[in-house]
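Participant: Once you've looked at the hints, dock chain C against the given chain S.
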Amino acid sequence: ILNVEQSPQSLHVQEGDSTNFTCSFPSSNFYALHWYRWETAKSPEALFVMTLNGDEKKKGRISATLNTKEGYSYLYIKGSQPEDSATYLCAFGQAGTALIFGKGTTLSVSS
Amino acid sequence: DGGITQSPKYLFRKEGQNVTLSCEQNLNHDAMYWYRQDPGQGLRLIYYSQIVNDFQKGDIAEGYSVSREKKESFPLTVTSAQKNPTAFYLCASSIQAALYGYTFGSGTRLTVV
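As given, the protein sequences belong to chains S and C, one line each in that order. For the first sequence, the positions run 1 to 111 when our numbering is used. For the second sequence, the positions run 112 to 224 when our numbering is used.
These are computed hints drawn from the structure, not numbers from a lab. Heads up, a few of these hints could be off.
Which stretches of chain S does chain C cover? Using the computed rule of at least three CB atoms under 8 angstroms from a CB of chain C, they are [said to hold, decoys possible]: (1) 21-29; (2) 46-52; (3) 87-100.
Glycine included, C-beta positions come from ideal geometry on N, C-alpha and C.
Same shape as in the complex, but just chain S:
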C-alpha cells in the first residue's frame, strides 16, 4: 500500500505567524499532488493541483511547492489568520486510480 505522510499532525499558531507543513509521497508513478483545505462541518475544498517538478502555486497568502524527485511538497501560509484554521490534506495521484490521502495537518490560529 502506498503511503502519504503529512507533518506535523497538528499545530497551533498566533494570528500573524507564518507557518508551513510537509507532505511526503512516493516518488515513483507520480502523476499529480493535490492540496485540500477542510474546515469543520464543510466539504474539503481544493487548493492546488501540482504536476511538475519545481512547481510553485500561490493563492492569496497560501503557496505550495513540489519536488517530485525526492517526493515532497510544502504548503506555506503567510501571516496566518483565524479563518485559516482547518485541516490541510495532501493527496497523491496516479493515473487510473483513486487519490491516496495523508492524515492531514490540523492548523489552529488564535487571535
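Facilitator: Frame of chain S; chain C shown alone:
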C-alpha cells in the same frame, strides 16, 4: 448548481442491521469514490467506480457493498459484517482524479447504537 449530495447527514444504526448511505452528483463525472474517516486517521478508500456498472475495492472494502447502476448515483451499504461501522463517510466524484482531483460531498456520520 452542480454538486454532490450525501444523505443523510447523521445516521444511527442498530447492531446487526444493514444501512445504505446515499451519494448523488449532477456534475456528469464518470468516477465516484467512497472514503471513511476515523479520529486520527486519514481518508481511507472503501470502494470506487470509474464507470457505470463497474467498481473496484479499495483498501478497506470488507463489510461494505456498492452499486453503480446510474452515472449520478453511487450508494454505499454498510453491512452487519462491518465490525466497526461508526465513522464519518465521505463521497467524492471526479472527471479524472489524478489530474483534476475530487469534488466532495459533505459527508454522513454513522453511529452504531
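Participant: Going through the earlier hints one by one, which of them does the structure break, listed in rising order?
Facilitator: Hint 1 is the one this structure does not satisfy, whereas the remaining hints hold.
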